[in-house]
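Chain order of the listed sequences is A and B.
Here the first sequence stands for residues 1 to 224, where the numbers follow our numbering.
Here the second sequence stands for residues 1001 to 1224, where the numbers follow our numbering.
Errors might be hidden in some of the hints.
Footprint (simulated), chain B over chain A, 3 or more residues, beta carbon under 8 angstroms [as the list claims (entries may be wrong)]:
(1) 17-28
(2) 46-58
(3) 135-145
(4) 157-169
Source of the hints: derived by calculation from the structure; they are not laboratory data.
It should be emphasised that the depicted structure is a prediction, and the values quoted were computed from it without experimental measurement.
Glycine included, every Cβ here is placed at the ideal spot set by N, Cα and C.
There are 2 protein chains.
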Amino acid sequence: MQLLNGKLFSEAEAQTLYDIMLNRRDVRGNRFLDQPIGEEALQQLLDAALHAPSVGFSQPWEFVLIREAAVKSKIKASYEEVNSKAAELFQDEKQERYKRLKLEGIAEAPLNIAVFYKPSAVPVLGQTEMTEMGLYSVVCAVQNMWLMARALNIGIGWVSILDPEQVKQILNAPPANQLVAYLCVGYTDGFYTSPELEMLQWEKRKAAEAAIFYDGYPGGSSIQ
Amino acid sequence: MQLLNGKLFSEAEAQTLYDIMLNRRDVRGNRFLDQPIGEEALQQLLDAALHAPSVGFSQPWEFVLIREAAVKSKIKASYEEVNSKAAELFQDEKQERYKRLKLEGIAEAPLNIAVFYKPSAVPVLGQTEMTEMGLYSVVCAVQNMWLMARALNIGIGWVSILDPEQVKQILNAPPANQLVAYLCVGYTDGFYTSPELEMLQWEKRKAAEAAIFYDGYPGGSSIQ
């Protein structure tokens, strides 16, 4: 309990983190280079993931690294099926625009990573009431990996237009495991300076004030 | 589409990010100082959160900043109730140890932040099949904020031993909103060099090899 001498960071170091966060992008197949991720960079990505916070220090994550073209092509086929149904949910002009978007880089990225949540067989401290905390820990691992990739100038795209059960079957995942993320990972020909869906005017950046409240939402009696 | 000149980072900058990740801790009430978070630091924390990735650039997050003692004390009372039930789920000696752990800093931290997911009224690109993606986007915002806090030498503790419905009621949250995280935020008297639950031998760090698989889980026919 006496080891309270964790490193203190400088303003310049905080600024570096801020720059990495603001430059992180979701990278799709039109940007990936056909250049493998070296062993050292891969270790750094995994190390970042493995040092994410986890509820009750449960570390409930598993990572399947996919490089085989045959496996990727099964995943890609599953994506195509799900995506054509997804497009139907958007109306008129938005549907036309949806169909023109490149939304994944499964085949183009040299590395894909399927990230799973593995439930614990025993109660986990902090997960007894909010049972979704295990899944959220895995998401923290994904975000750590994503930021680390950006700092190494490696792009990551998160593909969520997938049927998790089909992905589990393709990867022979244990029945209890839950697919949290499917990531396409690779070097790129550059990083956009703004989010792609913002540049393409698919969605606007929201005003910060609209998302921030003080001591409760307005109109309540509980905080008066 | 031509703005592909996003910043490239150096090895030293990647190392800084790695150091921040490895030094991030979950901070509880026995470590928080009674020292307010200044406006500039608060803006940096929120800015980090607002630049997290979000599915379809939906930015589905809302943040309630809590400083009023009366609000905190209602949340703390809710925690106490949930935590005494949670302790019962652990057996014998583990239950005794559980009861001695300090697991939150609601009253001690000068700032608490309740982080909510606000569902979209219209279909969101990338969330049509995996509907949990909106929640996961909010978790990415939490992790960005947590890392930014650590870089600013500010501690964050994530309290998940709470009844989300009680918290929503206390904060007068809209019925459709979902509580993702409740964070205790403040300066500290130091950061532990290892995770607290590891130091206290509550859980061990898992071997990396146990969590990493190649091209699928073993034993499957699908990858042969």
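Inset, instruction - Output the numbers, in ascending order, of every earlier hint that fails for this structure. - result: none
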